[in-house]
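Take a look at the letters that make up each chain.
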Amino acid sequence: MEKCVESCLARLEAAQNPDGGWGYFPGKPSWLEPTAYALLALSHRRGPAFERGWHLLRSWQMACGAWRPCAGVDQPHWSTSLALTLHSVTGICDAAFQRGLDWLLTSAGAEGRTIARVVHWLCPSIVEFDPGLAGWPWESGASSWVEPTAHALMALRCAVRRTKKPDWTSRITVSERMLLDRRCRDGGWNYGNRRVLGADLPSYPETTALALMALDGHAAVAWGAALDQVKRTWRETRSPLARAWLSSCLLMYRGERPQTAERDDRTGNDLLVTAIEGIRWNQILAAS
Amino acid sequence: MEPDPGCLITRRRFLGAAAASAVAAGAGCARRSLAAYQTGKAAVAILRAPSYGVDLVDRMARGAALCGLQVRGKRVLLKPNLVEFDRNSVIHTQAEVLAAAVSLFERLGAREILIGEGPGHRRDAWFLAEEAGYRAAIPNFESRFVDLNRDEVSRVAPFAGNAGIYLARTALAADLVVSIARMKTHHWAGATLSMKNLFGVVPGALYGWPKNHLHQVGIAKCVAELYRTFPHTFAMVDGIVGMEGNGPIQGLARSCGVLVMGSDLAAVDATCCRVMGIDPEKIEYLRLAAARRQVREQSIEQRGETIAQVRTPFELIPEFRHVRLL
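Chains as they are written, first to last, in my numbering: chain A, 52 to 339; chain B, 12 to 337.
For the record, the hints were derived by calculation from the structure and aren't laboratory data. The beta-carbon is built from N, C-alpha and C at its ideal position, and this holds for glycine as well. Just so you know, not all the hints are guaranteed correct.
Claimed, not checked - With the C-beta cut set under 10 Å, the calculated list includes, among others, these residues of chain B facing chain A:
| hint | residue |
| --- | --- |
| 1 | L139 |
| 2 | D186 |
| 3 | G215 |
| 4 | S310 |
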């Protein structure tokens with residue numbers, strides 16, 4: 052496994068942009084999401100590549116506390132959660148970190164608003180979920196979805212371990228319940244709905260892995276069966292991104308990544324995949 | 012190879028329309044034929060194609076000629092629908108159709124042909140393209156394909172009554188965006204065709220998976236606004252096998268045996284609706300678009316097959332039975 056991780060880190064260092072960040076693909080402009088993942092992967096090294104990336108990431112925080120997604124877009128972004136996780140991992144829990152946390156804690160899915168709940172009460176079968184259980188949206192004003200909720204939960208858990216006054220227990224609990232409420236009948240998660248217009252929706256491998264990672268050993272999950280299913284899906288799926296998240300989930304809970312097949316560079320040389328595979332999730336998000 | 016019902020278009024009709032279109036094309040009119048400008052009508056071609064095994068490039072070439080499509084020297088973005096992939100379903104634009112479109116635009120002399128999609132549900136666009144058979148079917152696929160969800164972005168403002176929206180720069184920079192959708196019903200919008208397919212140029216990296224922003228602003232408003240945002244477009248709707256019922260993901264395959272093509276996306280989608288047995292004037296995004304373009308039947312110059320010759324009523328979910336064409 053170490054050899055694979057080292058290979059990922061070397062590819063990341065080679066693909067770093069002059070501004071210190073990473074694009075989604077080599078040679079493309081920097082975005083916060085791949086930059087945050089790359090820095091999480093490189094966080095244990097703290098070498099020059101990390102320092103350049105860290106400097107860029109810090110410069111992208113907005114006055115509201117959230118992080119912008121890239122240099123050219125001036126609006127809060129869901130990957131603020133990743134920036135916060137990175138701060139916790141590096142142990143830098145300063146004022147910038149606190150402002151980011153404050154922004155994250157005020158952000159919530161729009162389905163919890165009164166009008167949305169009334170609409171849902173009138174037509175409950177359109178999309179079946181509990182509107183009282185708000186997670187996090189992809190952007191302010193939108194509904195909660197699995198992936199941003201999973202990242203926010205992971206960020207809060209990391210922050211709880213680092214700060215003295217973790218008073219976010221109720222938010223974490225509600226978000227866990229939101230994820231459990233959105234679980235598909237097949238046992239996994241898709242982007243965030245389990246049943247629409249009376250029809251069950253199928254789960255996706257990448258969101259299933261993320262939801263399980265965010266649930267952090269929750270008692271409502273039969274973990275043995277769930278992780279066996281993750282392993283089976285990892286063997287079956289051909290999506291490099293899905294395999295990266297599934298193996299990260301197995302690393303978090305079982306301490307090792309399954310052996311990854313040779314990288315297929317025809318798939319666009321996806322730096323997100325490289326970075327996710329280079330992160331030591333078992334150290335960052337050790338299951339309770 | 013199956014019999015060629017595409018020849019049901021009479022030679023005289025084809026040559027007549029093609030001649031008029033050639034005049035228009037020569038005048039540099041990429042968007043509509045001269046006849047269409049003179050009459051105020053948008054040209055829409057319906058071509059029979061009973062299966063994906065027929066010579067699709069030939070069918071498309073006829074459709075392009077009927078619509079006066081001129082792309083020589085242009086940078087073209089082909090935008091298939093790959094919102095999701097399920098090998099047991101017909102969610103996506105068929106690989107054979109996309110491959111034929113690449114061949115067509117090469118033949119027509121496009122300077123550059125890119126393929127771009129920003130899937131709405133799954134993040135791994137390259138994987139979806141692989142699973143859908145695009146890489147195997149299309150030469151140089153790796154150098155053509157752009158994941159629009161993770162493309163560079165540019166702001167377009169205002170947008171649908173809001174301050175603005177960021178869109179994939181590859182789409183905005185193209186001389187011509189070719190929307191290659193599958194003919195499908197849609198459980199929120201009634202039908203998803205060439206206009207709704209433009210949702211794929213909205214970057215998921217900013218708006219997420221799904222692109223919930225568009226639902227919050229309003230699906231119909233956003234579809235109509237994207238249509239307005241991209242004035243240089245062409246539509247090729249894959250109705251060889253469409254999807255009926257609970258589309259765009261969980262519906263069932265419905266053989267319809269047609270390709271529908273044209274420069275005015277609203278006119279093409281209105282024609283597709285009529286083929287599917289849907290009243291386009293009851294589809295909200297087409298109503299919104301109709302203020303600017305042609306949706307009414309008398310405003311569309313139908314070429315190739317007539318609607319009556321190919322009409323194939325699609326099954327509609329109860330929530331959309333009111334849009335059934337009477």
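Hint check results:
1. Restraint check, L139 of chain B versus chain A: the minimum CB separation of about 8 Å is within 10 Å; hint holds.
2. At its closest, the beta carbon of D186 of chain B sits 22 Å from a beta carbon of chain A; the interface hint therefore is violated under the 10 Å criterion.
3. With a cut of 10 Å, the hint placing G215 of chain B at the interface with chain A holds, because the nearest CB-to-CB distance is about 8 Å.
4. Checking S310 of chain B against chain A by beta carbon gives a least distance of about 33 Å; that is not within 10 Å, so the hint is violated.
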